[in-house]
Amino acid sequence: LAKTTQPISMDSYEGQEVNITCSHNNIATNDYITWYQQFPSQGPRFIIQGYKTKVTNEVASLFIPADRKSSTLSLPRVSLSDTAVYYCLVGDSPYNQGGKLIFGQGTELSVKP
Amino acid sequence: GAVVSQHPSWVICKSGTSVKIECRSLDFQATTMFWYRQFPKQSLMLMATSNEGSKATYEQGVEKDKFLINHASLTLSTLTVTSAHPEDSSFYICSALGSSGRTDTQYFGPGTRLTVL
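Protein sequences, first through last, are from chains A and B.
As numbered in this note's numbering, residues 1 to 113 make up the first sequence, in order.
As numbered in this note's numbering, residues 1 to 117 make up the second sequence, in order.
For the record, the hints were derived by calculation from the structure and aren't laboratory data.
Please note that the accuracy of each hint is not assured.
What the hints assert, rightly or not - Per label pair, the in silico range of CB-to-CB distance:
1) B:Lys14 / A:Thr29: 49 to 59 Å
2) A:Asp67 / B:Ser9: 41 to 51 Å
3) B:Glu22 / A:Pro113: 32 to 42 Å
4) A:Gly15 / B:Thr17: 44 to 54 Å
5) B:Lys14 / A:Pro40: 19 to 29 Å
6) B:Gly16 / A:Pro7: 35 to 45 Å
7) B:Ser73 / A:Tyr51: 30 to 40 Å
8) A:Asp11 / B:Lys55: 37 to 47 Å
Each residue gets a CB set at the ideal place from its N, CA and C atoms; glycine is no exception.
Bound-form chain B, shown alone (with noise of 0.2 Å):
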């Protein structure tokens, strides 16, 4: 159980272009998702939350115009990268919030690997 999924997991777009990255719960319901970068030897930073219905939250310094996300079910949430630069490859980690009991977990996706040229 508690199974996320990422699309694609992994990419590689010219610089101007946006990228699409897809997350869903494969197994249960998500009313809340995170999004996270990381940069290779450095930890998670977490971007945004992501909120069934609603807008997503952004984390202080992360341009909510550039990396657009949208969570229209309770399975699925996507964040576009939109006019890509070299700067914003990375490793993209999406992650779901499930229960594990006595309280919510962090259930997190394989990640997917951005590249921009």
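For reference, chain A alone in the conformation it holds in the complex (with noise of 0.2 Å):
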């Protein structure tokens, strides 16, 4: 399972464009890469996933360069209530390796008003 790193913390203003970046310099062919979102005593939350070049709903964008070795996750406008624990991880399908997701560190993203 390809390891990610993510910057520990980020603070950010309401109404702010915010990218946070993830390196996954040992993702494999077949991996996709996700994001979640965790909010204090809640389970994780599925934000968004990708393969290649750029993903967009109605929360975010990732956007992911040719050679898949980091991926950027963009929030449009941030609000207070964004202000959580976001985690990138990098997982093979479930077929080759059982949907097995190990989770990293995650970026502590806390936007102030």
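Relying on the hints, combine the two individually framed chains into one complex.
Written out as structure tokens, the structure reads:
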């Protein structure tokens, strides 16, 4: 399973765009990149998943360069409620590695008014 | 869609007793579920992989006789903490593997806070 590296913490202000970059140098060909958000005393919530280039949904965008050794989660116009820990995970299909995900330390995002 | 529930949301028990935590996928079937443990200010630690109809696969260092996992149906997995001790106090989170389109994704339950006195 590919190891991921993220900044431990980030600060931002309401209304700003936040970009969290994750390094995964040993990503395998079959690996997908998934981002989760976790609030205190809650289970992680799925944000977005991608394999290459750019993926966008109603809450975030995920940018993946051609070499796939890193990825960037972009949160547009953050609000106070976006204060949480964000995890970047790299995993294979369940048919190869049983769908296991190994969580790193995550990035603690603090949004200030 | 892809909702996972856990019961109970919190439990307090005496040392030496056993506690059962349920994990259910409410609107999809999950042949694979996972159990995690999370201590304060730390990341999630994978404990075991639960496959419907077969024995669970435990991560290194996790005692299979202490953390009993049963995945009896496609929508239910249970984790029983046997002879619980204060050091077992933690936040236990389950997840179920569901389809998000091109690949499968883990959807997480809300977690269960276990406090052992």
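Distance restraint evaluation - Ser73 of chain B, Tyr51 of chain A, Cβ atoms, bounds 30 to 40 Å: holds (32 Å)
Outcome for the supplied range 44 to 54 Å, where the beta carbon pair is Gly15 of chain A and Thr17 of chain B: Between Gly15 of chain A and Thr17 of chain B, where Cβ atoms are some 50 Å apart, the hint holds.
19 to 29 Å as the expected CB spacing between Pro40 of chain A and Lys14 of chain B, which holds or is violated: For Pro40 of chain A against Lys14 of chain B, whose Cβ atoms are near 26 Å apart, the range 19 to 29 Å holds.
Range agreement (Cβ of Pro7 of chain A with Cβ of Gly16 of chain B, hint 35 to 45 Å): About 43 Å separates the Cβ atoms of Gly16 of chain B and Pro7 of chain A, which means 35 to 45 Å holds.
Consistency of beta-carbon spacing, Thr29 of chain A to Lys14 of chain B, with hint 49 to 59 Å: holds (51 Å)
C-beta pair Asp67 of chain A, Ser9 of chain B: status relative to the range 41 to 51 Å that was hinted: Holds, since Asp67 of chain A and Ser9 of chain B (Cβ atoms, about 43 Å apart) stay within the stated range.
Cβ distance range 37 to 47 Å for Asp11 of chain A and Lys55 of chain B, holds or violated: Between Asp11 of chain A and Lys55 of chain B, where Cβ atoms are some 46 Å apart, the hint holds.
Beta-carbon spacing of Glu22 of chain B to Pro113 of chain A - inside the hinted bounds 32 to 42 Å or not: Distance hint for Glu22 of chain B, Pro113 of chain A holds at roughly 40 Å.
When each numbered hint is compared with the structure, no violation occurs for any of them.
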